[in-house]
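Make the complex out of the two chains shown on their own, each in a separate frame, by following the hints.
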Amino acid sequence: MKTLIYGGELVLPTGVVKADLLIDGEKIVRIARDIPSFPDYNLIDASGKTVMAGIIDMHVHFREPGYEGKEDIESGSRAAVAGGVTQVCCMPNTDPVCDNAVVVRYIKSRAEEVNLCKINPIGAITRGEKGEALADIGKMAKAGAVALSDDGRSVMNSQIMRLGMEYASGFNLKCLCHCEDVNLVDGGVVNEGKNSTLTGLKGSIRAAEDIMIARDIALAESLGVPVHICHVSTYSGVDIIRSAKKRGVAVTAETCPHYFILTDDAITDFDTFTKVNPPVREEVDRLAVIEGLKDGTLDCIVTDHAPHSKKDKEVEYNLAAFGMSGIETSFALSYTYLVKSGIMSLPQLSKLMSANPAAVLSLDGGELAEGMPADITIADLNEKYVIDGEKFLSKGKNTPFNGYEVYGKICCTIVDGEVKYRA
Amino acid sequence: MLKRKDLLGLYEVSAEEITEILDTAEEMKRALNGGNKSFDVLKGKTLVTLFYENSTRTRTSFELAGKYLGAYEVNISASSSSVQKGESLIDTGKTLQALKADFIAMRHPMGGAPYLLARTVGCSILNGGDGMNEHPTQALLDMLTMRETFGSLKGLKIAILGDIKHSRVAKSNLFGLTKMGAEVWVYAPKTLIPKGFDELGAHIASSREECVEGASGVMGLRIQLERQSGGLFPSLSEYSRYYGVNDGVLKYAAPNAIVLHPGPVNRGVELTPQLIDGEKSRIEDQVTSGLAVRMAALKLLSEYREVNNL
Numbered sequence: 000m001k002t003l004i005y006g007g008e009l010v011l012p013t014g015v016v017k018a019d020l021l022i023d024g025e026k027i028v029r030i031a032r033d034i035p036s037f038p039d040y041n042l043i044d045a046s047g048k049t050v051m052a053g054i055i056d057m058h059v060h061f062r063e064p065g066y067e068g069k070e071d072i073e074s075g076s077r078a079a080v081a082g083g084v085t086q087v088c089c090m091p092n093t094d095p096v097c098d099n100a101v102v103v104r105y106i107k108s109r110a111e112e113v114n115l116c117k118i119n120p121i122g123a124i125t126r127g128e129k130g131e132a133l134a135d136i137g138k139m140a141k142a143g144a145v146a147l148s149d150d151g152r153s154v155m156n157s158q159i160m161r162l163g164m165e166y167a168s169g170f171n172l173k174c175l176c177h178c179e180d181v182n183l184v185d186g187g188v189v190n191e192g193k194n195s196t197l198t199g200l201k202g203s204i205r206a207a208e209d210i211m212i213a214r215d216i217a218l219a220e221s222l223g224v225p226v227h228i229c230h231v232s233t234y235s236g237v238d239i240i241r242s243a244k245k246r247g248v249a250v251t252a253e254t255c256p257h258y259f260i261l262t263d264d265a266i267t268d269f270d271t272f273t274k275v276n277p278p279v280r281e282e283v284d285r286l287a288v289i290e291g292l293k294d295g296t297l298d299c300i301v302t303d304h305a306p307h308s309k310k311d312k313e314v315e316y317n318l319a320a321f322g323m324s325g326i327e328t329s330f331a332l333s334y335t336y337l338v339k340s341g342i343m344s345l346p347q348l349s350k351l352m353s354a355n356p357a358a359v360l361s362l363d364g365g366e367l368a369e370g371m372p373a374d375i376t377i378a379d380l381n382e383k384y385v386i387d388g389e390k391f392l393s394k395g396k397n398t399p400f401n402g403y404e405v406y407g408k409i410c411c412t413i414v415d416g417e418v419k420y421r422a
Numbered sequence: 000m001l002k003r004k005d006l007l008g009l010y011e012v013s014a015e016e017i018t019e020i021l022d023t024a025e026e027m028k029r030a031l032n033g034g035n036k037s038f039d040v041l042k043g044k045t046l047v048t049l050f051y052e053n054s055t056r057t058r059t060s061f062e063l064a065g066k067y068l069g070a071y072e073v074n075i076s077a078s079s080s081s082v083q084k085g086e087s088l089i090d091t092g093k094t095l096q097a098l099k100a101d102f103i104a105m106r107h108p109m110g111g112a113p114y115l116l117a118r119t120v121g122c123s124i125l126n127g128g129d130g131m132n133e134h135p136t137q138a139l140l141d142m143l144t145m146r147e148t149f150g151s152l153k154g155l156k157i158a159i160l161g162d163i164k165h166s167r168v169a170k171s172n173l174f175g176l177t178k179m180g181a182e183v184w185v186y187a188p189k190t191l192i193p194k195g196f197d198e199l200g201a202h203i204a205s206s207r208e209e210c211v212e213g214a215s216g217v218m219g220l221r222i223q224l225e226r227q228s229g230g231l232f233p234s235l236s237e238y239s240r241y242y243g244v245n246d247g248v249l250k251y252a253a254p255n256a257i258v259l260h261p262g263p264v265n266r267g268v269e270l271t272p273q274l275i276d277g278e279k280s281r282i283e284d285q286v287t288s289g290l291a292v293r294m295a296a297l298k299l300l301s302e303y304r305e306v307n308n309l
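Top line first, the protein sequences correspond to chains A and B.
When the letters of the first sequence are read in order and numbered with numbering that gives the first Met the number 0, they come out as residues 0 to 422.
When the letters of the second sequence are read in order and numbered with numbering that gives the first Met the number 0, they come out as residues 0 to 309.
Derived by calculation from the structure, the hints in this document are not laboratory data.
Values in this document were obtained by computation on a predicted structure and should not be read as measured data.
DMTMM-like cross-link-like pairs, simulated, lysine to aspartate or glutamate; straight-line CA separation at most 20 Å:
(1) B:4 <-> A:268
(2) A:193 <-> B:11
(3) B:189 <-> A:185
Here chain B stands alone, though its shape is the one from the complex (with noise of 0.2 Å):
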């Protein structure tokens, strides 16, 4: 069982509920890969998505996850414009609660916004991403696919190259894998490095060499387009031929090393084509793991809600 109604950020979530949450997620995994999607766990239940902005993976992940569960389940998509018009998130979740919601898997393109709805509503919040915050269950299921590889996440060393500074995914595993043991290593242009990532306890690497090497988990991250039209860095070739993970950069990990990327990829530039789909590959697995802890979350989370009578 979960400590907490909602599921926000890693950045607040113990060790202990990390394990429990990777634990279940694999016996879910287990299941599904023997064939079995029907669960009852979330019946009676039902799954709102809620998202301020464009997903395919995320999105049909959590819609799953909750019909795997035997949840009720309605999606919305809210587009980010509505946002800006100002129609509110708060009037938006009392509604949802008011149709008597249970779960909030929801996507923002603010950070903090999950926060605001979970203070406001008595549903559970499932972040789905939140601006340049958090995106929980995305670090939580590279973890999963880590920890499956490597037995633990203790001692590893993961290495992670590229949009750091918009990155909640980077920011979610920073906090999820040191708090499991792991060091995690990052290495971009310095435009794209936030300021003070060093104190939130991850060491930024002076080459991508030195990131990558002697790494178990090689991670990707997607370079937005608009990033270089903003002036982060000068082209998409410069950013591939000097900041981008190749074959060659990869021989500095460790040899059991796995790579990984929260997708979509953009073949070329973060990973090449043949990483991307060479056997070190777990980028297809990693979906698979999102799926297991989704439903690992919302398991847990709906037992917290039972035990405290939400």
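Pulled out of the complex, with its shape left as it was, chain A reads as follows (with noise of 0.2 Å):
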């Protein structure tokens, strides 16, 4: 089965062409002008739109198994493929944990049967993640685990980090870190400044964050193995990964869009939508975090996607829980607040999401190229549209964005050359 997209503007990393691209099968494997098309063909008329390497998210909570009021891997899937997301790796933090061969080959299974989206286990570092003993790394590599995280807590015995860095190295698999004292965190929900005395909610220190990043830093150094920092945060934070990088070390890093659209103005009204993991601080740290992503110091874009029912969320804001359900709008937000205010290119932005997650866990796929894989995204990025979380596919409702107004609207999305989702 050959499909033909024609019409459309390719992002190709060397720039935005208007081109034709061919897929047969589950390969794209022509991208030319005017590509010539017979009765058999599939046909995706883009005219008008854009087309992108599909969006690899590789820090998702999919809350399966153990949470599925939350979201499932169905739901999750669906609200993914709505955002142009093509694939996904998800957060080991579910019930139980999956820290074992057994959980991860679930979650694979489970993906295969609702097949909308790629979706990669991502393993416990420890087990349970309670930060003690190793999990079963090696057989969770082998089950299919792209890489290890204790995501919502860090590790915080240094020697037990150390080893979980060490041995996972040897079945090539990254450990990718929350980075979060939680001594010096000490029960704060808001980033520790003017508006946690404002509020009166209690804050926590940038040092809680950037003590982590640079110890996980420090260990990646030492022992010669890379690393990943998640969902970067604080100006100081992407410094110490920017400093990192220059003397060599093998550390990527990656940030959310709520990171650079939001400051911690958004916490004083108590709205628990903007409750999340590190939390959102202030505008040097948003600065900073687009400097960073500018510069390459920030490889990726992802959402940390966090759904949470209702009932997680109204209620105290000390109560409530982490996290924003952002798997549907991470495109169009990126694009908005990142190419259209002429902060880069498409280009850019497309490497940011797409090949640099792809490049960062060894995934397939991440550009648009003969010979890759035909995941695929196409956006209207002419068409406005107001962000209602009530309306997303997710269970989760929680985003701190409603009523933001957004441009690039996700119009189809296509995983291994068939169409998983048309607006």
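Structure follows, in structure tokens:
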């Protein structure tokens, strides 16, 4: 079965060009101007639209097994393809925790049944994400885990973290580090600063994140293994990563749309949808995160998609769950705030959302090129719409971006040559 | 009349509204001091006190304020632990609304909880202290006591010493007093000064003397023992030596200065016993001001409800 996407603007690493794209089976086989079509071709008219490599979101929480009230692999996948995301990596803080091969296989088999986007499980570094003993790292690697993380918390014991990173490198697995010194956080729920004082909500100081970023980089540097820093939110954290990269440390890093769009001004009316870990911080941080994305210090844009049910969020701010439902809005928000605003080019954004995540975790895809998997996102960059969380396909309606006007509506999402979403 | 259904914090209340509350409270206080405790302002209305934290004076004050104004009155004590168990505040609020409560005076260990309730139910919420956020009626009673003494708050320097970081009283006083044209100075161990307090309008003193110098109001704030066990300062004796207010410190204040404390006081820690019981102390009068301020707030919110058919 061949599919021809014609008339669109293709986002290639070198620039945006007007060209057609031919898919044969699961692969992209040709990119050229005016590819002739044949009667048996499946045709997709992309006139006036933009055709990009499928978005790879390497940091999501699909909550299955265990928390299906918040999200499951099916609802998460539907949300993903609606957001133009063709491939995700699922964090292991499920119930049971994904710390063994059985859960890894379960997630992969559910992904196959649902058959919408590609789903890569991430295994826990430590058993039960308790930070005490190493999880079944080798068995999980063989079962298909693509990385390791105790996301949601740091492995506080540096010796355990060292052993985890060291052992994982024997299976070519990277640790994705959630950076947070829990003693320093000390129950903080928002950024420590003027607005934590204003609201009386307990603040969490930048150093709580920075110390762990620095520690995990120090471990990686000492051990000579690669490391990846999750959801960077502080200006100082960006600097620590930048200087490590300059020294040649094999560190990569990610951030999320809320860290380059929001500041903690958003928390002042106690809207629990703004509660996220690490917390949204101040303008100096927001600008530094943008700078980090521009200069290559931060490699990837991810969502940390953290869907929650109403009862997890319609409570006192202190009691509310951390996290934002973001997978359906990441492209439009990133496009609007980074490309439309003139900060970077579309190929640069595509690299941050597709090619770089693929490179960080050695995943297939990430670029539009002949021979690559046909994971493709088609968007209308001119169509403006207003974000309304209640309309999300995700079970998690918890977005702090309700009412935001954005550009870049996803029109069509193709995974391995099959259309999985059409607006 | 206030311009709002609820009294949640002084951050969002205007100077005009504060003046109106204080004017009304002054009338109330005059009546109370004249022996009148029987008003029919809230006749047929229901006030519920919903306290998730222990309190004697604030709760009793709200309760009597409601009773003196002629309201039906119910007290609900929910332990802090029931919050943790996940009993939904929203459900509790909806239940009280269905029971036809008009006013809920509420205390809660978590900042923002009264805002959540106020958004959910039609009852008027009076914040009786939420976590480290605000305690508006406490600040209003402090302001009433000061205004009665000095005639006006404008241009006054007010010194606040004690646990600023965890104090909703300090915050509400900061917002209220600066709106009324007063200057707020604070002094405390560095671990008890919250980040950005200066950005919110406070002056952070570098010594006790600088804080108190020329101040008309000198307020001590309660130091909770768990702050010491949490390592925020080494010992109570060190605290009182370097951060407590005594006669020697008070000499720096304005000659007619008054001493305030929201209570309960740790005698000899925040303030020396001589100051607490001395002639400059207004600590007892503050309690009467509190009653008057709460009556005033209830009256004005009730007028808002009437006009808006709530």
